[in-house]
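Student: Please work from the sequences and hints to get the whole structure.
Sequence lines, in order, name chains A and B.
Take 1 as the starting number for the first sequence in my numbering and just add one per residue.
Take 1001 as the starting number for the second sequence in my numbering and just add one per residue.
It should be emphasised that the hints constitute simulated quantities derived from the structure, not laboratory data.
Positions of the beta carbon are idealized from the N, C-alpha and C atoms, including for glycine.
Do not rely on the hints blindly, as some may be mistaken.
Claimed, not checked - If you only want the chain B side, here are some residues facing chain A, beta carbon under 8 angstroms, derived:
no.: 1; residue: 1036
no.: 2; residue: 1176
no.: 3; residue: 1177
no.: 4; residue: 1182
no.: 5; residue: 1258
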Amino acid sequence: MSVAPARAPRDIAAPGGGGVGDSALRPDGVLKVRGEFAYSSDLWIDGMLWGATLRSPHPRAKILSIDTSEALAHPGVWTVLTHEDVPGRKHFGVDHTWDQPVLAFDEVRHQGEPIALVAADHPETARRALEKIRIEYEVLEPLTDARRAAFDPAYPRVQPRGNVARHQPVRVGDVDAARELAEVVVSGEFQVGMQDQAFLGPESGLAIPAEDGGVDLYVATQWMHNDLEQIGPCLGLAEDKIRMTLSGVGGAFGGREDLSMQIHAAMLALRTGKPVKIVYNRYESFFGHVHRHPAQMRYEYGATKDGRIVYADVEIILDGGAYTSSTKNVVGNAASLAVGPYVIPNVRIDAYGVYTNNPPCGAMRGFGAVQACFAFESMMDRLADACGLDPVTVRQVNAAAEGSALATGQIIWAPLPMAEMLQTARELPMPAPADTGDLRDLPGGVSQTTHGEGVRRGVGYGVGLKNICFSEGYDDYSTARVRLEVIGGEPVAMVHTAAAEVGQGLVTLEAQIARTELGVRRVVIQPADNRVGDAGSSSASRQSYMTGGAVMTACQAVREGMAALAAARFGHARDDLSFTGDKVVSESAGVLGTIAELLGDAVIEETREYHHRPTTGMDPVTGRGDSHAQLALCVHRAVVDVDVDLGLVKVVELAAVQDVGRILNRVALEGQIHGGSAQGLGLAVMEEIVVENGRVRNPSFTDYLIPTILDMPPMRLEILENADPRAPYGLRGAGEPSTLSSTPAIVAAIRDATGLALTRVPVRPEHITGSS
Amino acid sequence: MEFLRPATWAEALAAKADLPEAAPIQGGTDMMVELNFDVHRPAALLDLNRVAELTRWTAEADGRLRIGAGVPYARLIAELGDRLPGLAQAARTVGSPQIRNRGTVGGNLGAASPAGDSHPALLAGDAVIEVESAARGVRMIPADEFYLGVKRNTLLPDELIRAFWMSPASGPQYFSKVGTRNAMVIAVCSFAIALHPGERRVGAAIGSAAPTPRRARAAEEFLAAELDWDAPLEPAVLRRFGELATEAASPIDDVRGTAGYRRHAIGVMARRTLTWAWNDLRAGRTERRAG
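Tutor: As structure tokens, then:
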């Protein structure tokens, strides 16, 4: 092992106390607020070089030649690498479809695709050397029509295996027969624009060549072991030659599931024999990660006059861009959750993920369910209008509950009090009318576009159902190693996992679980690395469930060891003994002694894997299957003020009702619901990567807008705790559901205020004013 | 890249004369973004932060205010909000508190972006820009002669912006800006109005709706001719003012908004701001709204 760099992660002592259910303090909280937290872009080691990436300016072109000689001759440049220098496999991919070139050859398929790498002794030198790499292109017309990619066999291919990455049908009953019986038919076409994760910490990391020919990688990622599975073969290195350490992650939201600079930095380090750091700037970051799939969706529902849905006919096209990334699983989610938490006897769903020369799209918070939710919730409002029902009633009439079947036939086996949650949302007090004396309360804010003129209020509802953990037969287990020993006279639990803390607060929760299970006060969280088993991804709202479950079971095994020691020492039966407040307690005899005395020099260490209940795949023809491990529901009520003359929107209040099974840390949980709702608000009214003919037109935070504190209103939260009997502590994953439902709730409220159809998100001012 | 740090105005002018390609920098809120995005690679940066006089403002003998190019937006709002309400409202829409602590009208003028927030208020309020060179001394440039094109102004390579001059408001003033977010947003389009009741004249200007910020001259002339200063505002006058303000625009479709929307929004803002100003005038009001 080489020397660790400065600003590399270290053991962190979880501050304060607090077990499961307490709002324990974040160990990284104070550092982050004070600007002292070490992110991966802060890594430093003496003598390191800086890497830079040459990217394609064209969405589609043939590469005729690459000449690096002038760049190599640039003073300060150590090496310039192209696809010819990739030591192993030339492709990688996050979900087992290895179609993404480490460095492009023969052809570039999207704007920003990496082609060559430079390592130099200064970042500016590296950037300037990039300009000296001569590439001869034959520029081709980009293929950007997702609908043609899905259906037109004559449309040229972006990928040689065809333009459809996955088509997933779901078939229930007989839609054509049901159409004859329907008394009311509503239909609509809906679109979702390309949203970005907009994490603030750009892609960055450090690769240090090791004496054994391997490499030490300090990276900010969501899933180290999956990175490793791709990095190893591409570098031509065995996995044990690659030591991964998670460095400070500045947000993820799905955008760090795919590799960015990992293989590139390692290639440069192995070639030069020097540590190499790569940090993308903000512009490059927009090209350095995948985005949320834009969607085109056609829905038709038939119902009885009283609003009971009798059939759903659905087509969803998701534009995955040039490479597969997570598209196949995103399609699976969109298909299985295409009609959401509603019981519909006859269903025909066709979900497609296609290849185009648009920017690659993959994982983002909500993952395929977000797009469908906007469409099916918009349909529920159309149905309410057509039947003369209010939007809450029409949802209650069709609501799923425990024991209901999803479109896939999967039975919901845990509490799902959706009708009651809608009722709760409806009955929450309404916010006060806008104070026209305070510009901050009005659409447009201090930009002063109105003093109240043209402002109309609207109210809307949204319901989102999100699958928690990986689906479709995937065994996404997690691993935890827990070690208990006496340090400085006190028992200390050391928790070691490979799970990525991406800002969600997992390290806080791990400490809470260790305190609850072991009865000790001091907990130390070790840096996440690959010296411990796979923890799976920090995505799919799964880490509280999976790594929480792994820490819980490892702690329970350690506790068994402690109980065995105590039973022998004190002569009590094991089930008479418990551990709390650093003490050994007998139910019959009270405090017997301290854990420190009991342990002495003994060290108890246990490693456990945690697996959720197995799921099945989806039938390729009918979509049938028990494909989801857990389902979680969120209901939103949005209240908006719309300046109908200027098309500007102020979201006045977002109220959410979410069933989380069990509150593990209320402060952290509320933060997740607030954040998910804000990201949904962004999609509703402002966030979009605007792509024109394959080119991104707004790769900056000047023009890719995310909500500020004046856009995100106060939230009223009703958090329910109907335990899931199969999950650790009865919990439900909570990171994503609010991201689904806030978008349709806000758009429904804008429709309520304006009377407009508004079939596309984000809603832009000109959609409201009608001036194009 | 050279980094020049003059301590006095004379040194700054000398440095600019020696190295005309040096890019002046004060708050850096625009320049640093452009450098980070590699839009510019200036041969040198001319840091004006040590030139203390640029951060001062004075009330001059002729009644006008002379405001140093380096007075940040936050101080404009706090110290001059009562005398220059239109400009203060525009300043309040700039970026975040941190940006308003650093950013300056001098920087806005130097960048001359059509989307710069201060420009419409400067135009409507008849601001005059004081620029200077070591070789030729001071030039006083009326704001509506200052902007030449997209991110181009009338500054010569050896000149620096020293100050801008404005009379304290003699009547109600308003600034209004459309952005697709409720704070920290670049203008999709903007509008400023300043009533000059003593002269029975109205200043009006548009931002981010043409290659340069510009006065809405026909709208101004229409009001000068048609407005009855002693009566309630006629709906027909209001409507025509909105139409003429719209006609002053020659916007484009871009990623921030469409040309059609910009025209529409300029008309709405023109009618609303004139109504607010007129109501204030009739009521003898000068108070400001919270925010």
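Student: None of the hints should be skipped; say for each whether it holds.
Tutor: Hints versus structure:
Given hint, residue 1036 (chain B) at the interface with chain A, holds; its Cβ is 6 angstroms from that chain's nearest Cβ, closer than 8 angstroms. Taking 8 angstroms as the C-beta cut-off, the interface hint given for residue 1176 (chain B) holds, the closest approach to chain A being about 5 angstroms. Nearest Cβ of chain A to the Cβ of residue 1177 (chain B): about 4 angstroms, under the 8 angstroms cut. The hint holds. A least Cβ separation of about 4 angstroms between residue 1182 (chain B) and chain A falls short of the 8 angstroms threshold, and the interface hint therefore holds.
Given the 8 angstroms rule on beta carbons, the hint for residue 1258 (chain B) holds: about 5 angstroms separates it from the nearest Cβ of chain A.
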